[in-house]
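**Student:** Chain residues, written in single-letter form:
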Amino acid sequence: MSQIEISLRHRLGDFQLAVEFQTAGHGVTALFGPSGCGKTSVLRAVAGLLRVGQGLVRINGDCWQSDTHFVPVHRRALGYVFQEASLFAHLSVERNLLYGWRRVAPAQRRLGFDTVVELLGIGPLLSRDTRVLSGGERQRVAIGRALLTSPRLLLMDEPLSALDQTARRAIFPYLESVHRELSVPSLYVSHDPDEVAHLADHLVLLDAGRVVASGSAADLLTRLDLPLARFEGATAVVQGRVAEYDPHYALSWIELHGGRVAIAGSQLPRAEMARVQIRARDVSLALSAPTDSSILNLLPVRVSGLEDVSDAHRLVRLQLGDGQKLLARITRRSGDTLGLQPGMAVYAQVKSVALMD
Amino acid sequence: MEAYWEPVWLTLKLAAVTTLILLVAGTPLAWWLAKSRNWWRDLIGSLVALPLVLPPTVLGFYLLLLLGPAGPIGRLTQGLGWGTLAFTFPGLVVGSVLYSLPFVVQPIRNAFEALGERPLEVAATLRASPVQRFFDVALPLARSGFLTGAVLGFAHTVGEFGVVLMIGGNIPGETKVLSVAIYDHVEALEWGQAHWLAGGMLLFSFVVIFAMYRMEKRWR
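Chains as they are written, first to last, in the working numbering: chain A, 4 to 360; chain B, 4 to 223.
Hints listed in this document are in silico derivations from the structure and should not be mistaken for laboratory results.
Beta carbons are placed, not taken as given, at the ideal position from N, Cα and C, and that holds for glycine.
Label pairs and their in silico Cβ distance ranges:
#: 1; chain 1: B; residue 1: Arg146; chain 2: A; residue 2: Arg78; range: 26 to 32 Å
#: 2; chain 1: B; residue 1: Ala19; chain 2: A; residue 2: Ala110; range: 45 to 51 Å
#: 3; chain 1: B; residue 1: Glu120; chain 2: A; residue 2: Gln19; range: 22 to 28 Å
#: 4; chain 1: A; residue 1: Ala274; chain 2: B; residue 2: Glu120; range: 47 to 53 Å
#: 5; chain 1: A; residue 1: Ala357; chain 2: B; residue 2: Gly119; range: 36 to 42 Å
#: 6; chain 1: B; residue 1: Glu120; chain 2: A; residue 2: Arg113; range: 25 to 31 Å
#: 7; chain 1: A; residue 1: Gly126; chain 2: B; residue 2: Trp43; range: 50 to 56 Å
#: 8; chain 1: A; residue 1: Ser164; chain 2: B; residue 2: Phe64; range: 58 to 64 Å
Some chain A residues flagged as far from chain B (calculated, every beta-carbon gap over 10 Å):
#: 9; residue: Arg12
#: 10; residue: Gln19
#: 11; residue: Pro127
#: 12; residue: Thr169
#: 13; residue: Phe175
#: 14; residue: Ser180
#: 15; residue: Arg226
#: 16; residue: Pro230
#: 17; residue: Arg233
#: 18; residue: Gly236
#: 19; residue: Asp249
#: 20; residue: Gly324
#: 21; residue: Gly326
#: 22; residue: Leu343
#: 23; residue: Pro345
So that you can see chain B by itself, here it is in the shape it has in the complex (with noise of 0.2 Å):
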């Protein structure tokens, strides 16, 4: 039974890490995106939004070979002590990130969009200094970006399957995520537990963004 619920828990876990690090990373880098006119603006938010429309095999592909311990990253974090991040949570978590990155920012980023100078004009003749203008007023007005983004980004790597299978692999209670439980459920013809497992992620999705939806209305 605990073998049975550990792709749950470990999937839970990943999402949570990786909404996480997004937040706090993705956030600046939104900021950055919504005010810069800086010509290279447009490089970094094409960068940014490149896992929409690639396939994650691909980025897995890629990231298998800079993790691996013949990569440049590889080679960083064994000479490190680390050993390396492929086939292992951590690297699960860089792959998600990555994967997950405009689902987050990009909500926030049109949220601060949305924003406009004005309440940031007014704030500063309020004599708020630009820190405070941020986490006094562009923050709490940006919320609903935030929410999208945590539940987006939550949802999104809840989901992903061709990311973990390159860099991950199926190990348990170390890679073997939901989505790859499911895979291995049907490949093993066991009708039963692919359902229960299906099913549930079927029902968890649809309440996430039941839930979003409501709560975007009344944080408006």
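Only chain A is shown next, with the shape it has when bound in the complex (with noise of 0.2 Å):
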């Protein structure tokens, strides 16, 4: 089976890393933790960069480091996106980008440099000086770079940190259109639950240097004892088939199991799989369908666990009938007039929905 397979051991100053996951050889993994969890050390490690004790690292079915051997970083066939998009300043943007690609054999190149370079967007900017690039284009260029590499595996430190909230929106479809359209398995470290959400097919939870939990996104998102469902923002991801287009108000039905819910003004493509966002405080609960209600987005669902996160608010989380999870951040008055037990059934209003592919 193609999976990745992490175990390291180590001891910076008196931060002591211990570190074991395994995750899937696809998709985006996402190295969610607090500052100074351990998060960017586990990468560097898997990398090379941090030589660590004790370690193993194996990359389907490719062993990079073990108790006997270590293989140095550039032999490793991975690519690198730093926090900072660290471009050399001697050399031009092409030059940049072509850095990484003349040292890997072309039998081994997957990915061409047209096609990376377009799908970043960043053909206008090859003859140009690195220097007058803004923060947004310059960490674009970065990805490429690393990309046309073809790595077999993509390792990025929050590549968005360092950018303003406008650019790194900006950046945002690029980076997806990266995991979607090249299957390169990624570890993306963050420490923003939004762009977790976004992004991630499985997450590993990292605390003082340990992993508190780790398996896929959808579920781990709403889990009521880890962090992310008790940030404000919390999300969960659901996916449903597309069932029609309503030309009339513009609107898309997604069919989820038992209901359904409505994304404004796209046409998506009919019998398609299609990913979607619900933030817990876009929940709302009812023991009844409600009839009345401007809210179109109703899903009956059953109540599977509960959880005050501060004086005045509970999270439920809920599922559907198969099997997906929901958050509903309520009030604590809200949970106890209507009664909430675990396995009750109830109606969740969803007022707003945002497509996430």
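Dock chain one against chain two, each of which comes alone in its own frame, and use the hints as you go.
**Tutor:** Written out as structure tokens, the structure reads:
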């Protein structure tokens, strides 16, 4: 089975890193945790930039490190995107892109130069000096440069954190298309729950140098005992099939087990699978199906867990008929009024739904 | 007239040879000083910096002892059939190299340190071997340090006096460089000749430093 297997033990001053996890050898695995939890160290160790005393790094059958051997960084088929773009100041954009590309044997190049350039929209920048690029442009070039080595694993260390909000939003679609169109597995370090909810297929939660939990993103995002569900902007990710498009109201309807939700504006291809994000604070609960509400999105769900997250708020974990999970952030008072208990069948009204892909 | 230009030519030759040797030998030294975490890095670093504070005559004096017929290096060179290096042009080169060492090594070392680890790490993740990283990334990014080092090394060698006098003496065509020639002219009360050489040197030094500042700005 193709997969990524990591086990690292390392002491950095009085910080002890003891991390062990396995994740799927495809898609995006986000390493999530607060600053200083060791996520960057994990990434650097996987790359071989940080040499850990005891480590096992196996990427889809390639062993990069074990007790008996250590492959030097430049012999690992990886791409690394640093927090700051770190473009070579003495080379043009094009020569930056070609720096790694020309070191890969032609037979091993799986990603074409033009494909990558087009995907990241950096064609017009090629002849520029790197110093005149904006932050977002620089980071796109850095991502392209890493991809052009045709890596078997893409490592990204908070690639958006050095960008302002506008630049971040502008670069996001590029990141998504990289992950969607190129089948390069990646480890993505982040401390931003929104980013994680958006990009991750799998999650590894870290705290104080240890793995707190790892598994599918959809599951971990909604686990009441884990920090992600407790964020103000906590989000669940669910997927369903596109049922129909209503041109009169410009709504695409997505079928979710026993209910459906509407995406405003875009016409989605019928019968395609679509992933949507539902924020915990956009979900309210009712004991019976309301008929006189402005809210279109109504889903029959079952309560699978409850947890008070503040003096005023209660987090409710909900399960669709097919096992997909949602979160609702309601007041404790509403929770008591409705008498919510695990196992109860209720209706989730969703105020708004965001399409992910 | 030929004798008049001889010290100028000899000085330029000495400075060029010295600078070349220092660039070639000083670069690995500067790299090691910038990258090593070894405790004796500071020991070597201090030795390299020593000529900055040492009176040139002190350096010249010890070199004379070392290179002279009774000194260990003198005996070695004699044993090899090269004679002694004291009071010869090669001896002068040895002295100049040591004397100008910090002026070349220090700027290059600073440039390597300013580079940080990041560009080299990036290059490593882009499949560059350690040697390729050095030549493709470290050298071009540290070029302003090389420019500064080369100019300072050259100019400093042109201006040296004490070391030359101690181990080179005053042999026309062999060790009589500009600074010594000026001294000679002054001693002989030949103010006119001294003026020409001294004024030329002043102009030369200014032009060199000015050109360096201009180029550095563009190279950054």
